[in-house]
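Novice: As given, the protein sequences belong to chains W and D, one line each in that order.
Residues in the first sequence are numbered consecutively from 1, following the numbering used here.
Residues in the second sequence are numbered consecutively from 1, following the numbering used here.
Don't read these hints as lab results, they were simulated from the structure.
Where hints are given, some of them may not hold.
Stated by the list, open to error - Covered stretches of chain D (chain W as the covering partner; in silico rule of three or more C-beta atoms under 8 Å from a C-beta of chain W): (1) 37-47; (2) 184-191; (3) 235-242.
Unchecked claim - Chain W residues, not near chain D, derived (Cβ > 12 Å throughout): (4) SER6; (5) SER29; (6) ASP92; (7) PRO112; (8) GLU138; (9) ALA144; (10) VAL154; (11) PRO156; (12) ARG162; (13) ASP228; (14) VAL235; (15) GLY241; (16) THR249.
Note that the structure is a prediction, hence the values are computed from the model and not measured.
By construction, the Cβ of each residue, glycine as well, lies at the ideal position given by its N, Cα and C atoms.
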Amino acid sequence: MSRLASRFNVLKHAGRAALIPYITAGDPSPEATVSLMHALVHGGADIIELGVPFTDPMADGPVIQAACERALAAGTTLSSVLESVVAFRRDDTDTPIVLMGYLNPMDAMGLPNFAQRAAEAGVDGVLIVDMTTEEAPETLPVLAEAGLDPICLVAPTTTDDRIRRICQRAAGFVYYVSTKGVTGGSGIVAGHLADKLAHIRPYTELPIGVGFGVREPADAAAVAEVADGVVVGSVLVRVIGEHTGSLETTCERLRAQVAALKQGIEDSNKLSLAAQ
Amino acid sequence: MTTTAEAERRIDAHGPNNSIKPESLPDGRGHFGPYGGRFVAETLMAPLYELEKAYAEALADPAFDREIQRDLTDFVGRPTPLYHAATLSKDSGGAQIWFKREDLAHTGAHKINNTVGQALLAKRMGKTRIIAETGAGQHGVATATIAARLGMQCVVYMGSEDMRRQSTNVYRMRLFGAEVRGVDSGSKTLKDALNEAMRDWVANVDDTFYIIGTVAGPHPYPRLVRDFQSVIGRESREQAAERLGGLPDALVACVGGGSNAIGLFHPFLNDDVAIYGVEAGGDGVATGRHAAPLAAGRSGVLHGNRTYIMQDDAGQIQATHSISAGLDYPGVGPEHAWLKDQGRAVYVSVDDRQALAAFHATCEREGILPALETSHAIAYAQQLAATMRHDQTILVNCSGRGDKDMASVAEAEGDLS
Chain W
1 MSRLASRFNV LKHAGRAALI PYITAGDPSP EATVSLMHAL VHGGADIIEL
51 GVPFTDPMAD GPVIQAACER ALAAGTTLSS VLESVVAFRR DDTDTPIVLM
101 GYLNPMDAMG LPNFAQRAAE AGVDGVLIVD MTTEEAPETL PVLAEAGLDP
151 ICLVAPTTTD DRIRRICQRA AGFVYYVSTK GVTGGSGIVA GHLADKLAHI
201 RPYTELPIGV GFGVREPADA AAVAEVADGV VVGSVLVRVI GEHTGSLETT
251 CERLRAQVAA LKQGIEDSNK LSLAAQ
Chain D
1 MTTTAEAERR IDAHGPNNSI KPESLPDGRG HFGPYGGRFV AETLMAPLYE
51 LEKAYAEALA DPAFDREIQR DLTDFVGRPT PLYHAATLSK DSGGAQIWFK
101 REDLAHTGAH KINNTVGQAL LAKRMGKTRI IAETGAGQHG VATATIAARL
151 GMQCVVYMGS EDMRRQSTNV YRMRLFGAEV RGVDSGSKTL KDALNEAMRD
201 WVANVDDTFY IIGTVAGPHP YPRLVRDFQS VIGRESREQA AERLGGLPDA
251 LVACVGGGSN AIGLFHPFLN DDVAIYGVEA GGDGVATGRH AAPLAAGRSG
301 VLHGNRTYIM QDDAGQIQAT HSISAGLDYP GVGPEHAWLK DQGRAVYVSV
351 DDRQALAAFH ATCEREGILP ALETSHAIAY AQQLAATMRH DQTILVNCSG
401 RGDKDMASVA EAEGDLS
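Given only the sequences and the hints, what does the whole structure look like? Please build it.
Specialist: Shown next, in the form of structure tokens:
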């Protein structure tokens with residue numbers, strides 16, 4: 001069983017949704033990434049989503065765009081991101097890691113080469129934002145052959161036929177994009193989300209994670225009630241971007257922010273247990 | 001100036017390759033060989049299918065074609081003339097250079113051919129809001145114009161660096177009632193404006209139609225824009241038969257994203273005509289400061305399609321440099337990438353200095369003020385003419401007028417004179 005599958009399994013038995021914080025690797029510097037990843041885990045991350053910076057992040061809002069620019073200015077490359085994963089794995093062999101990025105840097109490394117290096121580094125899943133199921137026949141099998149779970153997006157606009165095809169190719173978990181828009185938006189409507197996830201469930205046995213638009217612990221709590229995973233990105237990236245002090249204090253702030261989100265999820269868990 | 005390599009390229013460029021059936025591309029998945037396709041965030045797949053379906057229905061409806069023809073005639077002012085640049089031809093000392101006068105189209109460039117087509121499609125689809133990206137501002141102006149005529153809301157994204165270089169066009173867009181939103185991310189030029197327009201579209205897919213200005217982006221845009229721009233080549237063929245007594249020997253057009261070029265080239269792909277696309281050489285391709293992905297880039301994925309792009313070893317998109325904002329783009333339409341690989345078209349580059357020289361020559365010798373983009377094509381046509389016979393002909397797409405470029409030229413002459 002993959003690290004992602006077994007983590008979701010454990011959480012399912014505990015009756016709790018996974019907290020999946022996102023940070024952009026290499027922001028503010030490649031050297032900081034490993035410490036920031038550990039801070040996420042100390043705060044309560046169940047799975048880490050690690051962004052691979054790209055010059056043209058079309059699906060990202062201003063916060064993550066700025067993080068990409070900072071990371072690239074600091075010399076971050078896909079190779080250095082994989083080196084960070086290797087270093088993280090020296091101290092943490094349990095927390096699943098999902099790389100999230102755009103196709104071109106992976107394509108430039110050579111997809112089979114990238115997949116092999118990522119798997120060896122200890123990456124568990126890969127989400128390629130601009131890889132659609134139409135273009136996937138040439139791509140996703142390469143990831144799966146290397147032992148990586150291809151994480152696929154389902155959006156509010158996705159038709160049923162596409163939900164079916166996407167779920168056939170996906171592994172690890174299905175990532176539901178909760179709002180029409182780029183990352184860092186707001187406006188998750190919990191009621192709509194419950195309906196939407198109920199609609200997707202029959203197409204897949206995989207857990208469903210929800211992201212794009214989760215900001216506050218209360219959002220995380222609302223999403224956790226209906227989803228198997230809660231992805232939180234821009235609010236955490238903002239903590240890193242706004243903090244100019246030492247790496248140690250950035251890590252502490254990041255940890256505290258993640259812990260607050262985690263608390264939100266656990267409160268929702270208690271509420272739903274009490275309701276039963 | 002004819003080197004051996006140059007002569008070989010000319011032979012390659014001359015004449016159709018029988019294995020190519022350009023009318024059959026893109027295929028059902030939007031691919032031109034290995035290029036093109038749909039590489040976008042999942043949210044945009046439904047609107048892309050919606051667009052593909054609406055376009056297929058429009059093509060089957062004679063009323064849509066009549067509507068486009070009427071606007072191209074009455075609003076755009078087509079057909080545009082074919083003009084013999086007799087003095088430039090004489091100066092070049094070889095082949096006869098003819099201009100397809102897209103600079104005389106409404107709003108001063110070929111861009112309007114596409115925006116009229118896409119806006120009428122948007123109207124058919126019941127969309128009420130139009131968005132666009134623009135580099136030099138010509139596509140933005142052409143979009144703002146048709147949006148005003150059709151009474152649709154219009155937002156144009158433009159890199160803040162380009163807004164500075166092309167302030168006249170910003171003013172024109174605002175006169176037409178468009179909102180121009182400056183883009184400060186990345187290199188603050190066309191590629192970043194395109195990113196921002198895509199982000200807007202993702203957030204507003206229900207009521208918004210995104211009018212892409214070039215033959216790039218996810219399928220079906222490269223095909224859509226090509227089809228709407230092919231009026232340039234179709235008219236050119238008819239006019240050439242009448243004025244030149246047959247087909248021209250060569251076609252020349254500048255290539256940024258490549259819409260004016262594909263518009264001219266496409267109807268000639270099966271003919272015995274040499275085809276040259278001219279990329280922006282900036283400070284010179286050898287310096288790395290240029291915008292010539294076909295000359296110096298490699299295959300990658302940007303803005304929804306696979307094509308040649310300018311990228312570093314790590315797959316990050318590189319900054320581009322050109323005196324011409326409209327050519328200052330790190331990618332190129334996927335059909336051009338395919339035509340290059342097939343050897344059906346030859347792609348060359350002209351640097352800033354050569355383009356400026358052609359700009360002045362065209363002003364002084366022909367009384368025509370060409371856009372800086374267009375000046376790249378004219379510069380190469382002059383070089384090419386010198387290697388050809390007096391009875392041969394080169395048809396250049398005079399894709400736009402240069403009124404917008406006064407500030408850029410004045411700024412550059414300070415550096416270059």
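Novice: Please verify that the nearest CB of chain D lies beyond 12 Å from THR249/W's CB.
Specialist: holds (28 Å)
Novice: Report holds if the minimum CB distance from SER6/W to chain D is greater than 12 Å, and violated otherwise.
Specialist: The assertion about SER6/W holds, with a minimum of 27 Å to chain D.
Novice: According to the definition I'm using, a residue is off the interface if its beta carbon is farther than 12 Å from all beta carbons of the partner; does VAL235/W meet that for chain D?
Specialist: Given a closest Cβ separation of 19 Å, the condition holds.
Novice: Mind taking a look at whether chain W covers the segment 235-242 of chain D? Criterion is 3 or more residues with CB to CB distance under 8 Å.
Specialist: As far as the segment 235-242 of chain D goes, the hint is violated, because 0 residues have Cβ atoms under 8 Å from chain W.
Novice: Is the Cβ of PRO112/W more than 12 Å away from each Cβ in chain D?
Specialist: At roughly 15 Å from the nearest Cβ of chain D, PRO112/W sits farther out than 12 Å, so the non-interface label holds.
Novice: Please verify that the nearest CB of chain D lies beyond 12 Å from GLU138/W's CB.
Specialist: violated (10 Å)
Novice: Confirm or reject the statement that SER29/W sits farther than 12 Å, beta carbon to beta carbon, from all of chain D.
Specialist: Given a closest Cβ separation of 16 Å, the condition holds.
Novice: Three or more residues of the segment 184-191 of chain D near chain W by CB distance under 8 Å?
Specialist: holds (count 3)
Novice: Is it correct that the beta-carbon of ARG162/W has no partner in chain D closer than or equal to 12 Å?
Specialist: At roughly 7 Å from the nearest Cβ of chain D, ARG162/W sits no farther out than 12 Å, so the non-interface label is violated.
Novice: Holds or violated: the segment 37-47 of chain D covered by chain W, criterion of 3 or more residues with Cβ-Cβ distance under 8 Å?
Specialist: With 11 residues in contact (Cβ-Cβ under 8 Å with chain W), the coverage given for the segment 37-47 of chain D holds.
Novice: If I take the minimum Cβ distance from VAL154/W to any residue of chain D, is it greater than 12 Å?
Specialist: Given that some Cβ of chain D is not farther than 12 Å from that of VAL154/W, nearest at about 6 Å, it is violated.
Novice: Does the claim that ALA144/W lies off the interface hold, with its Cβ farther than 12 Å from every Cβ of chain D?
Specialist: The claim stands: ALA144/W keeps its Cβ more than 12 Å from every Cβ of chain D (closest is about 19 Å).
Comparing the model with each numbered hint stated earlier shows that hints 3, 8, 10, 11, 12 do not hold.
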